[in-house]
Amino acid sequence: MVSPILQEASRLVGEDLAFQRRVWRFQRIGWAVMAGFVLLGALGAFGGGPLAQARLRSDDGTVEMEWERIERIGRDSRLRIRTTGPPSGSLILRLEGELTELALLAIEPQPASESRAPGRIWLRFDPPAEGHAAEILLNLRSSRPGMVEGQLALGEAVLPLRLFVMP
Amino acid sequence: MESVIRALVIYVVLSLMFRITGRRSMSHITTFDFVLLLVVGEATQQALLGEDFSLTNGILAIATLLGLDVTVRWLKANHQKTDRVMEGLPTILVADGQPLHERMREARISEAEVLQSAREVQGLMRMEDIQLAVLEVSGTISIIPRRES
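The listed protein sequences correspond, in order, to chains C and F. Take the first sequence: its position 47, counting from 1, is numbered 47 in my numbering, and each next residue is one higher. Take the second sequence: its position 23, counting from 1, is numbered 190 in my numbering, and each next residue is one higher.
A couple of the hints might just be wrong.
[Said to hold, decoys possible] Derived EDC-like pairs: lysine to aspartate or glutamate, alpha-carbon spacing no greater than 16 Å straight-line:
#1 248(F) x 16(C)
#2 248(F) x 263(F)
#3 248(F) x 15(C)
Just so you know, the hints here were simulated from the structure itself, not pulled from any lab data.
Sequences and hints are given; from them, build the entire structure.
Here it is as structure tokens:
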């Protein structure tokens, strides 16, 4: 039961409690959404965490790749390619498709040679020490948001690579 | 084009986030609130300008933000519904010396905060001396003292 004093005051002040309760409910939902956003961010749903990490092995099982499938503009993302055993022959890494639009900020080890053609990049590396598996690290950075699709090939192994760049 | 979109997104997201976090008057901000505002400004800067630190980009971002602010103010002045949604409405927290606990809980205002306002604004010490305490849209608490009959 609302007292007459409160009723009169409510009218004079211009209060609308039903509306204000909807606003408070909206705020509570908003907090939950913000908490969810922070939690997802901490887990890497927007890049830089376990949820963004991806791993793929080629069909023949000779090459393994790890990368971040979710990335953000202006942030470096690491792509790790390794052979499961000592590589046979020369080590030539081919990047194809939209992957060539990404900036290659760092390449480890330094490639012995590098060449480019529209939609394709070749990187030739010296083979690792006798009996060791090879590992190549690339630091990628995108300057535009959206899906980046391409493929990566090392020797006979071909691996599709897809990553989403957040704005 | 990109600068305008960035500024637009930042404005909308910041307005929404501050609306969600609730009313807080500038006169009642704590030192930590102030530091938080500075940090928010710092975090926003990069998102607003990207990697383009040119004078043109800076002026474009500022012009977009101010333009949006003027538009929103015009909308609020001319459309009562927009004003209600964006600013909220006053809420009575104390009537006739009786604190309205449910409303205070929902508005996240404690009795101590009402009494603090009562002391600051009207020099009142007790809840019974308050005729009306109203949480204004600005975040301040207005106190109307009980009249002696």
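Check your understanding: Is it true that the CA of residue 248(F) sits at most 16 Å from the CA of residue 15(C)?
Key -> Holds: residue 248(F) and residue 15(C) sit about 14 Å apart, inside 16 Å.
Point to revise | Given hint residue 263(F) paired with residue 248(F) - CA-CA distance at most 16 Å | key: The given pair, whose Cα atoms are some 30 Å apart, is violated under the 16 Å limit.
**Study point:** Hint consistency between residue 248(F) and residue 16(C) [alpha-carbon to alpha-carbon, up to 16 Å]
**Key:** holds, 12 Å
Taken one by one, the earlier hints fail for this structure only at number 2.
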